[in-house]
Amino acid sequence: MSFRGTATSQPGTSGPRNEADIVAQFRARHLELVRLAALLLGDFAAAEDVVQDVFARVWEGRDRLAAAGFSAAYFYRSVVNSCRSVHRRRGTLPAAGAAEAALLAEPGTSAEDVVLRADEDLRVLRALAALPRRQREALVLRYYQRLSEAEIAEAMRVSRGTVKSTTARGLAALGRRLRQEGL
Amino acid sequence: MNTDEELLTRVLDRAASRITTETLRPLAEPATAPPRLARVRRAIGNARLAPAAAAVAVVLVVAVVLVVTGRAQEGKPAGRGTNGTAVTGPAGAPEYYAEVEGDELNGPHPPGRVAVVVRSTATGAVVARIPAPVIAAAPKAIPFSVAAAPDDRTFYALYANWGKGPGDRWIYRFRMTSSGRATRPAAISGGLITGQDYLGNVGGFVVSPDGSRLALAVAGGHANSQQSGIAGEILVIDLRTGAHATWRGGMDRPGQLFGIQSLSWTSGGEALAYLGQWCPPRDLSYGSDGGFTCATMKDYQVSRPAGTDVVREIRATSRGGTLDSGPVLRAPVKSTDPQPVLVDPSGKDLITLRAAATSGVLNVVKVSIATGEVTSVLGSVPRMQPLFSANHLAVDRTGRYVLVWRGESVPSGLQLHGWVHGGAYHQLVPTLSPDGVTIQMTW
Numbered sequence: 001m002s003f004r005g006t007a008t009s010q011p012g013t014s015g016p017r018n019e020a021d022i023v024a025q026f027r028a029r030h031l032e033l034v035r036l037a038a039l040l041l042g043d044f045a046a047a048e049d050v051v052q053d054v055f056a057r058v059w060e061g062r063d064r065l066a067a068a069g070f071s072a073a074y075f076y077r078s079v080v081n082s083c084r085s086v087h088r089r090r091g092t093l094p095a096a097g098a099a100e101a102a103l104l105a106e107p108g109t110s111a112e113d114v115v116l117r118a119d120e121d122l123r124v125l126r127a128l129a130a131l132p133r134r135q136r137e138a139l140v141l142r143y144y145q146r147l148s149e150a151e152i153a154e155a156m157r158v159s160r161g162t163v164k165s166t167t168a169r170g171l172a173a174l175g176r177r178l179r180q181e182g183l
Numbered sequence: 184m185n186t187d188e189e190l191l192t193r194v195l196d197r198a199a200s201r202i203t204t205e206t207l208r209p210l211a212e213p214a215t216a217p218p219r220l221a222r223v224r225r226a227i228g229n230a231r232l233a234p235a236a237a238a239v240a241v242v243l244v245v246a247v248v249l250v251v252t253g254r255a256q257e258g259k260p261a262g263r264g265t266n267g268t269a270v271t272g273p274a275g276a277p278e279y280y281a282e283v284e285g286d287e288l289n290g291p292h293p294p295g296r297v298a299v300v301v302r303s304t305a306t307g308a309v310v311a312r313i314p315a316p317v318i319a320a321a322p323k324a325i326p327f328s329v330a331a332a333p334d335d336r337t338f339y340a341l342y343a344n345w346g347k348g349p350g351d352r353w354i355y356r357f358r359m360t361s362s363g364r365a366t367r368p369a370a371i372s373g374g375l376i377t378g379q380d381y382l383g384n385v386g387g388f389v390v391s392p393d394g395s396r397l398a399l400a401v402a403g404g405h406a407n408s409q410q411s412g413i414a415g416e417i418l419v420i421d422l423r424t425g426a427h428a429t430w431r432g433g434m435d436r437p438g439q440l441f442g443i444q445s446l447s448w449t450s451g452g453e454a455l456a457y458l459g460q461w462c463p464p465r466d467l468s469y470g471s472d473g474g475f476t477c478a479t480m481k482d483y484q485v486s487r488p489a490g491t492d493v494v495r496e497i498r499a500t501s502r503g504g505t506l507d508s509g510p511v512l513r514a515p516v517k518s519t520d521p522q523p524v525l526v527d528p529s530g531k532d533l534i535t536l537r538a539a540a541t542s543g544v545l546n547v548v549k550v551s552i553a554t555g556e557v558t559s560v561l562g563s564v565p566r567m568q569p570l571f572s573a574n575h576l577a578v579d580r581t582g583r584y585v586l587v588w589r590g591e592s593v594p595s596g597l598q599l600h601g602w603v604h605g606g607a608y609h610q611l612v613p614t615l616s617p618d619g620v621t622i623q624m625t626w
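Chains as they are written, first to last, in the working numbering: chain A, 1 to 183; chain B, 184 to 626.
FYI, nobody ran anything at the bench for these hints, they're computed from the structure. A virtual CB, placed ideally from N, CA and C, is assigned to each residue, including glycine. Careful: at least some of the hints might be erroneous.
To be verified - Simulated restraints on C-beta separations:
no.: 1; chain 1: B; residue 1: G425; chain 2: A; residue 2: R77; range: 33 to 41 Å
no.: 2; chain 1: A; residue 1: A168; chain 2: B; residue 2: R502; range: 49 to 57 Å
no.: 3; chain 1: B; residue 1: D421; chain 2: A; residue 2: D21; range: 32 to 40 Å
no.: 4; chain 1: A; residue 1: D21; chain 2: B; residue 2: D196; range: 24 to 32 Å
no.: 5; chain 1: A; residue 1: A172; chain 2: B; residue 2: L207; range: 29 to 37 Å
no.: 6; chain 1: B; residue 1: R502; chain 2: A; residue 2: G69; range: 49 to 57 Å
What the hints assert, rightly or not - Taking beta-carbon pairs under 7 Å as the criterion, some of the chain B residues facing chain A (in silico):
no.: 7; residue: D187
no.: 8; residue: E189
no.: 9; residue: L191
no.: 10; residue: T192
no.: 11; residue: R208
no.: 12; residue: L210
no.: 13; residue: P213
no.: 14; residue: S361
no.: 15; residue: R367
no.: 16; residue: I371
no.: 17; residue: S372
no.: 18; residue: G374
no.: 19; residue: L375
no.: 20; residue: S508
no.: 21; residue: V511
What the hints assert, rightly or not - According to the in silico footprint, chain B covers these stretches of chain A (three or more CB under 8 Å from chain B):
no.: 22; stretch: 27-34
no.: 23; stretch: 38-44
no.: 24; stretch: 120-128
no.: 25; stretch: 135-143
no.: 26; stretch: 158-169
With the rest of the complex left out, here is chain A (with noise of 0.2 Å):
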């Protein structure tokens, strides 16, 4: 897997070599989780949670994941997955309100170009959060995470054609949403 983020090593093609490779690979990876997290429940606090459970239950399967041959496409797996769990508990999307919350002012910008792009975000956004869960999973892992599709089937833990039509369909309801947003 081609994951970006901040890991030092390629995870599909070396793995971890043991308990504590594991650990370490996560602890490389928790901005990139918590940034994905967040983009899939629309609420930082939640992805941090998430995250946090994920670790947790690493950090108890260590040893087993170590003997398993221990694929870092796992972490990516189990927040997408605990994400769904999150999803389903709550029964709905928060909309636009968590959308806000991610989008503070960069410093260093004019407060003109903070409040264009901070709309434009924010209908983006909504727009991406009025969509199917299959299909904001199937966005954000491309269009954020850069994963290929065989990739994203794994994460998905779907079919290749499942991603590729998902995908579609879920582009072309954004377009319309993004319309319907006037952008």
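Assemble the complex: chain A is given as a structure, and chain B must be docked to it using the hints.
Just chain B now, with coordinates in the frame of chain A:
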């Protein structure tokens, strides 16, 4: 890549970049496995009577009656089930409660078993026993307080180095994972509190409704508190930045010490309510839980309550201020029967204990701040004889479930240690005995 794809990529990257390593909560490793429930039950079964039994024996009669009837009625406290487990709570109650439990903080021996323990509300079973963190400057770290965040899964614990007298306090955070395990405590930013001399911190350790701030009663530069061993100031820690804001002064009375007995947040987190008490220094005494009581004592019994209580509010801004900067929620009154006071999450009522018409019973009531009238009775609990410890309350975020306890070393069947909701009192499994106390509870 078409225009929509480019826009989506750009926005996702930008949104994700707002999350940085500086804003991340550190990952915490899970703590060790909890002890088996059977061990806890055996320990509970070995409880022996303590000297204070005579003073509260009347409560045993009430408890036995209620074990037989099995259900609380108006004006009567409920008991445990006959199998020794707690009565199962209704849906809606917090899944866990946490408590600092173990040896008396103010007892004859150094406390060796004091720990933060997370228990199931439904069964009372120990879900996790939190190991004390390794603090280089505190080789004998023991917990004084624990506070639950509104997510029902994150907890904060306050530790001190036992036996070193005035010194520092450390605040750590742990979480219950979805698999029901606790993470190891991790130090929080801004969690070092220096120059403290109080023994315990009962009721003065609470997380804001949005989980972003932690308020605690502390001893600081105030002239009274440095010498008294009681906490007379309020500190609010921003849990994201570690920044401190302090409220001190403004409550001085000649010849009196001023201490804070309980703290609670209004629902929006914009204000803190506190119960303050003035006490003549000669009448100050310390309870088994480390809290203080203000009463004239004779032959180890209270002969006359001696303090004066006031309930006030402060605006929880980032700047801090004086303790008299906000409105009075309940005017100063001579304490004839000192009881804890919290603000209801609605901000309209106070939650406190009041004597019921039935002898030997206290009602947990909501009292209108505007009129002083009782607006509802949440439940009834046995009334203990006032010895050295006070009653305590902790309310959940809904204001509907209230923990009630008393940090006193008494036989397990006589402990005030439970929660009220919908008019009923649910006795929780007793704190470990012998010589065990519940120092503080939270949910």
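Cross-check of the supplied hints:
{"no.": "1", "hint": "G425(B) with R77(A): 33 to 41 Å", "in the structure": "holds (34 Å)"}
{"no.": "2", "hint": "A168(A) with R502(B): 49 to 57 Å", "in the structure": "holds (54 Å)"}
{"no.": "3", "hint": "D421(B) with D21(A): 32 to 40 Å", "in the structure": "holds (36 Å)"}
{"no.": "4", "hint": "D21(A) with D196(B): 24 to 32 Å", "in the structure": "holds (29 Å)"}
{"no.": "5", "hint": "A172(A) with L207(B): 29 to 37 Å", "in the structure": "holds (35 Å)"}
{"no.": "6", "hint": "R502(B) with G69(A): 49 to 57 Å", "in the structure": "holds (56 Å)"}
{"no.": "7", "hint": "D187", "in the structure": "holds (5 Å)"}
{"no.": "8", "hint": "E189", "in the structure": "violated (9 Å)"}
{"no.": "9", "hint": "L191", "in the structure": "holds (5 Å)"}
{"no.": "10", "hint": "T192", "in the structure": "holds (5 Å)"}
{"no.": "11", "hint": "R208", "in the structure": "holds (5 Å)"}
{"no.": "12", "hint": "L210", "in the structure": "holds (5 Å)"}
{"no.": "13", "hint": "P213", "in the structure": "holds (5 Å)"}
{"no.": "14", "hint": "S361", "in the structure": "holds (5 Å)"}
{"no.": "15", "hint": "R367", "in the structure": "violated (10 Å)"}
{"no.": "16", "hint": "I371", "in the structure": "violated (14 Å)"}
{"no.": "17", "hint": "S372", "in the structure": "violated (15 Å)"}
{"no.": "18", "hint": "G374", "in the structure": "violated (18 Å)"}
{"no.": "19", "hint": "L375", "in the structure": "violated (23 Å)"}
{"no.": "20", "hint": "S508", "in the structure": "violated (30 Å)"}
{"no.": "21", "hint": "V511", "in the structure": "violated (35 Å)"}
{"no.": "22", "hint": "27-34", "in the structure": "holds (count 4)"}
{"no.": "23", "hint": "38-44", "in the structure": "holds (count 3)"}
{"no.": "24", "hint": "120-128", "in the structure": "holds (count 5)"}
{"no.": "25", "hint": "135-143", "in the structure": "holds (count 3)"}
{"no.": "26", "hint": "158-169", "in the structure": "violated (count 0)"}
When held up to the earlier numbered hints, the structure conflicts with 8, 15, 16, 17, 18, 19, 20, 21, 26 and fits the remainder.
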